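Engineer: Here is how the chains run, residue by residue.
Protein chains: 2
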Amino acid sequence: MNYFSSNFKLGILGGGQLGKMLLNDTRKFDIYTCVLDASDEAPCKIASNEFHLGDLMDYNAVYNFGKQVDVLTIEIENVNVDALETLEKEGVKVYPSSQTLRTIQNKAVQKLFYVDNHLPTAPFSRFAYLSEIEDAISNGGLEFPFVWKAAQFGYDGNGVKVVRTLSDLEGLPKGECIAETLVPFKNELAVIVARNAAGETKTFPVVEMEFHPEANQVEYVICPARIDDHVAKKAEDVALKVSKAFNHVGLLAVEMFQTKNDDILINEVAPRPHNSGHQTIEASYTSQFEQHLRAILNLPLGRTDSKVGGIMVNLVGAEGYTGNVIYQNIETIMKMDGVTPHIYGKKQTRPFRKMGHVTIVNEDLSEARRVAEEVKKTIKVISE
Amino acid sequence: MNYFSSNFKLGILGGGQLGKMLLNDTRKFDIYTCVLDASDEAPCKIASNEFHLGDLMDYNAVYNFGKQVDVLTIEIENVNVDALETLEKEGVKVYPSSQTLRTIQNKAVQKLFYVDNHLPTAPFSRFAYLSEIEDAISNGGLEFPFVWKAAQFGYDGNGVKVVRTLSDLEGLPKGECIAETLVPFKNELAVIVARNAAGETKTFPVVEMEFHPEANQVEYVICPARIDDHVAKKAEDVALKVSKAFNHVGLLAVEMFQTKNDDILINEVAPRPHNSGHQTIEASYTSQFEQHLRAILNLPLGRTDSKVGGIMVNLVGAEGYTGNVIYQNIETIMKMDGVTPHIYGKKQTRPFRKMGHVTIVNEDLSEARRVAEEVKKTIKVISE
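Chains A and B are the protein sequences, given in the same order. Going by full-length UniProt numbering, 189 is the number at position 189 of the first sequence; the sequence numbering is gapless. Going by full-length UniProt numbering, 128 is the number at position 128 of the second sequence; the sequence numbering is gapless.
Chain A on its own, in the form it takes in the complex (with noise of 0.2 Å):
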């Protein structure tokens, strides 16, 4: 089955600003494209050629929106596993697979696949419920601080949390988690992996982040990171080591820590474009969504380099406002030299929620930096 041929048909789940801007590249190529999502005023609505809606979650609507397609794809993580993995035995193409999204989806179960196969990830211990976690404190097992994550249904920060006191873990989840080592490190860097089903690998240019001290969320994606070369190359080996590890087709973006001694750590992954690789659209060869459907659809990847320095900026909704959108001093930025909002479509803002990105791209990226602080000094996402 090839793309190319003119009964084929490409599925993705979830309609969301990931699958918005996947879209995107899927009409430069003319793919026919169909989308499942539970909302109807998903982005993703308007620039597919069919929109279904439905739970992702749920065994059927999932089934039944795969049978259609040839190639299935996903925006998000949190789909139904059951239904992808009927639907690779009936010979559909899921990517990723399901095995894969299984062993994503709970971490966990991630963190043992790292150690498992050898690759560098904080040590960690494994918690049915968040009540063995005090009973761990109480007999010595574990010692603060430490780092506790939901095993499932965590994202941007949610889910996530240093615990250094007994009282930090109040309010939390009662499930299944993890109890990481807090690793001082210096960096938080990504690498995003393409591979295609033959085989083919590249990668795109180590990127560093610059987390919200509040909000846990991604600030700045910097590209390329600041970091010495020898750094660098450990980072996409460890990230390329993951793929392979995975067997993986499609993206794959690694989230990894620098330590203080210039160790890799993986923290975790996504089988998907990634908020890590935006900055791709303006500032590399081949847009990372590009580069997802050329791994998916089994064509030549194409070239990772950078034609210059991108930064990323997400825009996420001001706290203290929750409301119909308005995007602040939107044009006061767009007078800025090689500045490009990227506006997801969400119609509704609430603190912290993410409502677009602006990518900042310059020959000289000291240059993208300085511009993407007066950016990010300039818009504010609040409401009507």
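Since the hints were made in silico from the structure, they are not lab data. This structure is a prediction, so every number in the text was calculated from the model and none was measured. Idealized CB from N, CA, C, for every residue including glycine. Treat the hints loosely; a few may be bogus.
Residues on chain B that point at chain A, a partial pick, calculated with CB under 8 Å [what the hints assert, rightly or not]: (1) Asn-24; (2) Arg-27; (3) Cys-34; (4) Ile-46; (5) Asn-49; (6) Glu-331; (7) Asp-337; (8) His-342; (9) Ile-343; (10) Asp-364.
Residues from chain B shown here face chain A by an in silico Cβ test under 10 Å; the list is partial [stated by the list, open to error]: (11) Met-21; (12) Ile-281; (13) Glu-282.
Keeping only pairs whose Cα atoms sit at most 30 Å apart, straight-line, the calculated DSSO-like set for lysine-lysine is [claimed, not checked]: (14) B/Lys-9 / A/Lys-354; (15) A/Lys-335 / B/Lys-234; (16) A/Lys-335 / B/Lys-93; (17) B/Lys-93 / A/Lys-45.
With chain A fixed as given, assemble chain B onto it according to the hints.
Structural biologist: Positioned in the frame of chain A, the structure of chain B alone reads:
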């Protein structure tokens, strides 16, 4: 009226490939779009918020469509200008203006406009009927060779012919036309000028066009043109003067000849995104489509310089093939460095029909030119 407001609507007359690429950039800015086209299979049918069926030359179709939008633009010149004039009077912002379109739609009027505004163009005579050309030749008022151009409805090399003998006139349309002096030239150049309603103006770099010798369609667009700086400066100055003379808002693509004496003569203009600007998607800081949106929405214009060298190759239907299209060897060209195909989504090919384009970018323009030739030799648009 500001497009960031929730009830803003942008209207586009024409739903072809230019409209499709323009729609792509409206997604980035979350602009609500309405498209009018006569074909139910128009490439713009998806990716627009509203798709309306209707004849672009029909007064009522254009008027009724235009009444529903705040800003109206075009992706093709052959639209009902009377309707646009009424809409302007009734407060719709129409870019390009009805007056500009009226001037451009008729090549005789367009040429007179250049003369009236002291803008350089090849000498010409206007004729109400083809038969008047024969009269002028027989009474010595016109000498061979000259270039015959239909005054109206020519496109993609149709409506233009070099006439060297009386027999070359056989079979030409009988209506209004011009006879233009055949000026020997070194290069065909083009400059795209962007101008917003506030009067801010920017030019994209001068590009050089190589034409297919038989089809009279552009074969390669090379950015930047491989010409002396003083010639490039002269071409930019002429293009800026044309844009100002039209008091134009939006993009104006100015096609020009560089004569043997390095004079610049205007060939013709297009008041919209243009084939000579497709490489801006990959090569420029701002694509021509984003720039057109910025201009007609009266937003600040983006940077127009290039990140890397860019070449554009048109993908036209091969001779001898008519029917359901196949892009032979497209996977082979996708292996080449910096190559991005753009498939317009037309289901049927026929000889010389524009089916897509391929952009080749590289930090070294001569390397891009080498790859472009490989692309040209490799891919073939044929039928099943």
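Engineer: Each hint should be assessed against the structure and marked as holding or not.
Structural biologist: Evaluated hints:
Checking B/Asn-24 against chain A by beta carbon gives a least distance of about 6 Å; that is within 8 Å, so the hint holds. With a least beta-carbon distance of about 6 Å to chain A, the hint placing B/Arg-27 at the interface is held under the 8 Å criterion. Because the beta carbon of B/Cys-34 sits about 12 Å from the nearest beta carbon in chain A, more than 8 Å, this interface hint is broken. Interface hint status for B/Ile-46: upheld, as the beta-carbon distance to the closest one in chain A is roughly 6 Å, under 8 Å.
Satisfaction of the interface hint for B/Asn-49 is found here, the shortest Cβ-Cβ separation to chain A being roughly 6 Å, below the 8 Å cut-off. Interface hint status for B/Glu-331: upheld, as the beta-carbon distance to the closest one in chain A is roughly 6 Å, under 8 Å. Below 8 Å, beta-carbon pairs count as interface contacts, and B/Asp-337 has one with chain A at about 6 Å; its hint therefore holds. Because the closest C-beta pair between B/His-342 and chain A is about 5 Å apart, less than 8 Å, the hint holds.
About 4 Å separates the beta-carbon of B/Ile-343 from the nearest beta-carbon of chain A, less than 8 Å, and the hint is met. Taking 8 Å as the C-beta cut-off, the interface hint given for B/Asp-364 is violated, the closest approach to chain A being about 13 Å. The restraint placing B/Met-21 at the interface with chain A holds, with a minimum CB-CB distance near 8 Å, inside the 10 Å limit. With 10 Å as the threshold, the beta carbon of B/Ile-281 comes within range of chain A, its nearest partner Cβ sitting at about 9 Å, so the hint holds.
The criterion of a C-beta within 10 Å of any C-beta in chain A is met by B/Glu-282, whose closest approach is roughly 8 Å, and the hint holds. Distance hint between B/Lys-9 and A/Lys-354 is fulfilled; the C-alpha atoms sit about 24 Å from each other, no more than 30 Å. For the proposed pair A/Lys-335 and B/Lys-234, the alpha carbon gap of about 27 Å is at most 30 Å, so the pair holds. Only pairs whose Cα atoms come within 30 Å are accepted, and A/Lys-335 paired with B/Lys-93 is accepted, the gap being roughly 22 Å.
A C-alpha spacing of about 28 Å is found between B/Lys-93 and A/Lys-45, which places the hinted pair at or below 30 Å, so the restraint holds.
In the structure shown, a violation is registered for the earlier hints numbered 3 and 10, in ascending order.
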